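J.: Knowing the structure of chain B, use the given hints to seat chain Y on it.
Respectively, the protein sequence lines represent chains B and Y.
For the first sequence, position 102 matches number 102 in full-length UniProt numbering, and the numbering has no gaps at all.
For the second sequence, position 46 matches number 46 in full-length UniProt numbering, and the numbering has no gaps at all.
Do not take every clue at face value.
The list treats identical chains as interchangeable, and a pair is accepted whether it falls inside one copy or across any two copies.
Below, a list of computed lysine to aspartate or glutamate pairs in the DMTMM-like style, where the Cα atoms sit at most 20 Å apart [said to hold, decoys possible]: (1) LYS153 / GLU185; (2) LYS171 / ASP95; (3) LYS171 / ASP137; (4) LYS153 / GLU180; (5) LYS153 / GLU126; (6) LYS153 / ASP183; (7) LYS153 / ASP124.
Keep in mind that the hints were calculated from the coordinates and are not lab data.
These numbers come from a predicted model, not from an experiment.
Number of protein chains: 2
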Amino acid sequence: MTTQHLSPTARTTPTRGRNRQVDDRSRLMALLSDALVAHLGVVAGTHPVVLPVAFAVDADGPDAGGSLYLHGSVAAGWLGPTLEQDVCVTVTELDGLVLARTGFHHSMNYRSAVVIGRPRQVTDQEERVRALDRLVDHMMPGRAGTLPAATRKELAATAVLALPLAEASMKQRSGGASLEPGDLELTGWAGQVPLRRVADAPVTEDYVSEPVPESVLRRVAELGPA
Amino acid sequence: MTTQHLSPTARTTPTRGRNRQVDDRSRLMALLSDALVAHLGVVAGTHPVVLPVAFAVDADGPDAGGSLYLHGSVAAGWLGPTLEQDVCVTVTELDGLVLARTGFHHSMNYRSAVVIGRPRQVTDQEERVRALDRLVDHMMPGRAGTLPAATRKELAATAVLALPLAEASMKQRSGGASLEPGDLELTGWAGQVPLRRVADAPVTEDYVSEPVPESVLRRVAELGPA
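Same shape as in the complex, but just chain B (with noise of 0.2 Å):
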């Protein structure tokens, strides 16, 4: 992956804390290779909603920047609103809470993406099928490889969209808490505590006799307590 800077434009430009915007191109596809949710945000009428979703990205996408997908049932409500609108999709990773000596300097260490643009409906087969796959395997790397086609049925069912991530910018904090002067002066412990998301051993499905293949292991040892 090259490093490139990314282009915020004025409403992608955090209006605070610009210490914490990140231009880093790879962090950002760093970022979107590690969550797993994305939050969509839309407006429905008189206000926004903000929905939870899956996500995958195409960093060679057919999309300017890069394409991120995300998917859903034709049925659902989101689906029409989010065609004829901008929306933003952010994406966000808790990485540790921050405990300073004062309330004021509690905080979270974090990266958080946020993405702005008109989504773009996915009517190419060829791409369809492609993303559909990356949204499995940014679930489980190497696993659309092991799984039979979709039917015509379930493409049908399934709209895909895709958001240019050519307006997208980034904000991370990391490391300890930030201090004042006059905090040196007080007493009581101050520090970081890492969080991070581990997996469990995978849960086999009754009907199925097969062994859980080396992709879930590997896949759950990278996350795992460990």
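T.: Frame of chain B; chain Y shown alone:
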């Protein structure tokens, strides 16, 4: 905690997956207690913006259904718009990956709450202090009582918002892969990979000579990988 039914309105009634809707208020409160980050959606002119935020809950707070508290710098760009419109706060915990025999039935296990409402700026000084204490204790139970009181300057720099929990809905998916009759004729492994958040050992700041407090060690052990 008493078990109450949520009262979602049309805009917090899921349009799909009603079988995943949970109308038990104690489960909503449990999710809000487990989660550390919320995603706040506001409309910024012509498009929504979704930002990760810390939050806290007072089930007996002065707002209808209880109060969900947010805070931020008085200089934060999202603050003004947030006070002039209905907003959406979504809280999601990811509980596992669901790997089916078909790509179509791949899914995730999760709990997600959607709260919509008009935020109230908290101006009463006692409620502000209580809310800020709750925000610290949400991260680390019992910690606020061990910290010095916020200074006037800190309080002046901090905006506190309260969102009523009245208009909330919750969705939850748990268990194994959905099964079509045809899937039994397929081969291949299927199952779940449980996911959870863990804490690693606290990292003490250089300038601190005090030992890690019991309350922090308890919380780390509670979350911890053991």
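J.: For every hint, state whether the structure bears it out.
T.: Verification of the hints:
1. Only between protomers do LYS153 and GLU185 lie at most 20 Å apart by alpha-carbon distance; the minimum there is 18 Å, versus 68 Å within a single protomer.
2. In this assembly of identical chains, the alpha carbons of LYS171 and ASP95 lie at most 20 Å apart only when taken from the same copy (13 Å versus 25 Å across copies).
3. Taking the closest pair of Cα atoms, LYS171 and ASP137 never come within 20 Å of each other, the shortest separation being 26 Å inside a single copy and 25 Å across copies.
4. Within a single copy, LYS153 and GLU180 get their C-alpha atoms only as close as 61 Å, which misses the 20 Å cut-off; across copies the closest is 13 Å, which meets it.
5. Only within a single protomer do LYS153 and GLU126 lie at most 20 Å apart by alpha-carbon distance; the minimum there is 16 Å, versus 59 Å between protomers.
6. In this assembly of identical chains, the alpha carbons of LYS153 and ASP183 lie at most 20 Å apart only when taken from different copies (14 Å versus 63 Å within one copy).
7. For the identical chains of this complex, LYS153 and ASP124 are intra-copy neighbours only, at 16 Å inside a copy versus 57 Å across copies, given an alpha-carbon limit of 20 Å.
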